[in-house]
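Asks: If you want the building blocks of each chain, they are given just below.
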Amino acid sequence: MNDRNNTLDWFMLVMRRDLILSFRRSATYLTPLIFFLIVVTFFPLALGPSQSLLSSLAAGIIWISALLSSLLAVEGIFSEDYQDGTMDQYFISTEPVFVLIFAKVLCHWLVCGAPIILASIISSLFLYLPSGVLFALIESLLMGTFFMSLLGALGAALALGRSAILSAIIVLPFSIPTLLMGTAIMTAAINQQDYSGFLSIMGAMLAIGIPGLCLLTVEAIKLNYE
Amino acid sequence: MLKVVNLECHRSDEVIFKDLNFKIDRGDNLEIIGSNGSGKTTVLRLLLGLIPSFSGEIHWSTSQDSSKSEENYTSCFYQGHQIGIKPLLTAYENLKFSTSGFNSSDDEIALVAKRVGIEGFLNRRSSDLSAGQKKRIAIGRWLLKDFNLYLLDEPFTALDDKGVKLIEDIIAEMNSRGSSFLITGHRPSRLKSHKIYLDQKNER
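If you read the sequences in order, they're chains A and B.
Under our numbering, the letters of the first sequence match residues 6 to 231, in that order.
Under our numbering, the letters of the second sequence match residues 1426 to 1629, in that order.
If you are wondering where the hints come from, they were derived from the structure by calculation, not from laboratory data.
In this text, all values refer to a predicted model and were calculated from it rather than measured experimentally.
It cannot be assumed that every hint is accurate.
As the list claims (entries may be wrong) - Computed cross-link-like contacts, DSS-like style, restricted to lysine-lysine with a CA-CA straight-line distance of at most 30 Å:
hint : chain 1 : residue 1 : chain 2 : residue 2
1    : B       : K1570     : A       : K227
2    : B       : K1448     : A       : K227
3    : B       : K1448     : B       : K1617
4    : B       : K1511     : B       : K1570
5    : A       : K227      : B       : K1617
6    : B       : K1587     : B       : K1539
7    : B       : K1511     : B       : K1443
8    : B       : K1511     : B       : K1587
9    : B       : K1617     : B       : K1443
10   : B       : K1559     : B       : K1617
11   : B       : K1620     : B       : K1587
12   : B       : K1428     : B       : K1587
13   : B       : K1590     : B       : K1428
14   : A       : K227      : B       : K1559
15   : B       : K1570     : B       : K1617
16   : A       : K227      : B       : K1511
17   : B       : K1443     : A       : K227
18   : B       : K1590     : B       : K1511
Just chain B, with the same shape it has in the complex (with noise of 0.2 Å):
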């Protein structure tokens, strides 16, 4: 679904990844692995068309034959380190108000919020809701509408081992659906998954 040969970005003149080579096929995880300013943020942000400034080639090809390739990113959710949940909105307003979930119904959500345990407050203001809570919205995000391709920024941050656990169910769920993960993060997950370690560009 998605082939990265050689990509390399500079910024200000200063490398800040080179050689990197991946292949992300359907239901596929990979993860990568990197310290603080090893240029995750980057690589996801770059094959979105956020920095458009880089060296290498990447391919998208939506069909199923690997063969069309497209230029464009097509059918990708991307979630960032911050997390686009906005302090005056309810968290069901935060979930109804999103890419995913603006064509979703009322029980749509309902069902989400049941699964990712935050039901309890959907009425309530996100600035009433702690940093873990509101990540779990965020996770309400993904499943309220299924992309070929999740491009997740650290989603395990501020999470308790429950909510750990719960992406890790979830993922797998999705992965059976045909939904491909990539995700950074500063240590490797227990997800099933190719793993590329930006530090030591040595790739297991």
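In isolation and in its complexed conformation, chain A is listed as follows (with noise of 0.2 Å):
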């Protein structure tokens, strides 16, 4: 049998297998969808309706919202593989693990990340963002959830079988890159600058990010197998 067929058909059978598992319990893709509706709608209730003032925060608020909606969606990633045996029979197989981490860690942004995108679609109406910089944040989110979910899946594996606050505290300060990134791509887009300088940091810290990250969330896991 060709080896690199069996890799990649291991990485399928993770992905279809998370797929199906996500799609089952819908409550791993309807929580952070309604987190992030809900913390965006605060913000208008809180500092109240002035058009003028929303439509400067709103690209800020929807990029936080989406931090946070993704982080609390990833915590528990690893811990049902954890703890019914799934996890040994990744460490077992003679495939690559961080390809399997990768699966799973690719399947859940597609799970959670992307319906938050939408729902930043969405809430980006009600916030008056300015109109010409739609595009930007979808862009935008698109790499950010997704490195999100790397850095989540890393904390994850870390706090594994602890306390689920202490991965988002473990994770939240690495996001800082992130954000700056995507605000700075946000704040480029609405003074109407050429922000594809940004873009491209950014798709170079998911090009480092996906195999380091997946590496590093492999130790991780690794560190409760004593």
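Combine the two chains into a complex, taking the hints into account.
Replies: Structure, rendered in structure tokens:
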């Protein structure tokens, strides 16, 4: 049997299984989505419905809410597999484990990150986000939420079997670069400047983050095996 | 195929077991028997590299001539205490999405399901099944692909007499195909096997 095919088979297997599991347990994709919408709604309630104020804050509000809600969802990503012994099978298999971890993160992002991006389009309407920058928002959130899923997975692995809030505390400081890049993209877009440079930096962060953070996550899970 | 010399494991300054010696050849069975907490699971997880700290030697050899030994395990199937049956997946999906099943066709899975007696509930959620039926799904996973060595942690728990007989038949059948089994348990089974007693350290 071809080795490369085998790894791809494993990748598809984990993806398919996790997607099926997520859709059977509706809380996995509904909780972050509802959390996001609630947080976003709080801002006009607290700050008042002034259009100029909300419009200037909109990008930041959406970005922070998206970061927080994608973190909230990722916290339990490994706990079930770890408890029911599926994780053991990953480590016993001769396949590279970080590929399987990547499959889990990708699946998680598809299930949780993508709905948040859709919800951010809706919330951009009632936060009076300037209409010309919607595309920049979607572009930046696509990469930003995926990076948060990767970071969150690392936190979840470190906090495996411990309190859920711990992983958020570990991960949140490391999300600052993503937040900075995301808001830089939005500011540039609102001021009608070229933001492709910031997008490239985010892309570079993802390019390093995908292999780097997945490998770190594997090591973090291994810590639980003494 | 597998040779273990003077295996010793400590955990928080306490010796769990020491001077463990055994050898498994193709088609052999070995049972590790001990009471709760005697380190049965630790032995299996140690062999698989899931517990990195131990002293002693573990030799694996893949090829027929046992002089060529490798450092790492190859082609092993492990079934731990947690058998990894996802309650939200159907019995079919639990068979298909497993280490052994991902290359199996639907016909093969149906055949295996018939063999282990779960053909009636292949499309039922595993959360609706009993502990014994879940265990039968786990047994089905052994059959989906041939491995050289099966490491099974207390495979007989939660099974009725018929289920125990089923395991014994399946193991005998797979022995003849060249697969070996390393099994843990509280008491010796009726299998044809070498037995190691962890508590008393007397090898028979």
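Asks: Against this structure, judge whether each hint is valid.
Replies: Here is what the structure says about each hint:
Restraint check: the Cα-Cα separation between K1570(B) and K227(A) comes to about 27 Å, which is no more than 30 Å; the hinted pair holds. A threshold of 30 Å between alpha carbons decides the hint, and for K1448(B) with K227(A) the separation of about 28 Å falls inside it, so the pair holds. Taken as a hint, the K1448(B) and K1617(B) pair is honoured in the structure, with Cα atoms around 15 Å apart against an allowance of 30 Å. With a C-alpha separation of about 20 Å, the suggested pair K1511(B) and K1570(B) falls inside the 30 Å cut-off, and the hint holds.
A threshold of 30 Å between alpha carbons decides the hint, and for K227(A) with K1617(B) the separation of about 36 Å lies outside it, so the pair is violated. For the proposed pair K1587(B) and K1539(B), the alpha carbon gap of about 14 Å is at most 30 Å, so the pair holds. Pair hint K1511(B) plus K1443(B) does not hold up; C-alpha atoms about 36 Å apart against a cutoff of 30 Å. For the hint linking K1511(B) to K1587(B), the alpha-carbon distance of about 24 Å falls within 30 Å, and the restraint holds.
Proximity of K1617(B) to K1443(B) is assessed by CA-CA distance (about 25 Å); at most 30 Å being required, the pair is judged to hold. Distance hint between K1559(B) and K1617(B) is fulfilled; the C-alpha atoms sit about 26 Å from each other, no more than 30 Å. For the hint linking K1620(B) to K1587(B), the alpha-carbon distance of about 23 Å falls within 30 Å, and the restraint holds. Simply put, K1428(B) and K1587(B) have alpha-carbon atoms about 33 Å apart, too far for the 30 Å limit, and the pair is violated.
As the CA atoms of K1590(B) and K1428(B) are separated by approximately 29 Å, the hinted pair is consistent with the 30 Å bound. For a cut-off of 30 Å, the pair hint linking K227(A) to K1559(B) stands: about 28 Å separates their Cα positions. Taken as a hint, the K1570(B) and K1617(B) pair is honoured in the structure, with Cα atoms around 22 Å apart against an allowance of 30 Å. As the CA atoms of K227(A) and K1511(B) are separated by approximately 22 Å, the hinted pair is consistent with the 30 Å bound.
A distance of roughly 25 Å separates the Cα atoms of K1443(B) and K227(A); the hinted pair therefore holds under the 30 Å criterion. This hinted pair checks out: K1590(B) and K1511(B) have alpha carbons roughly 25 Å apart, not beyond 30 Å.
Of the numbered hints listed earlier, those contradicted by the structure are 5, 7, 12.
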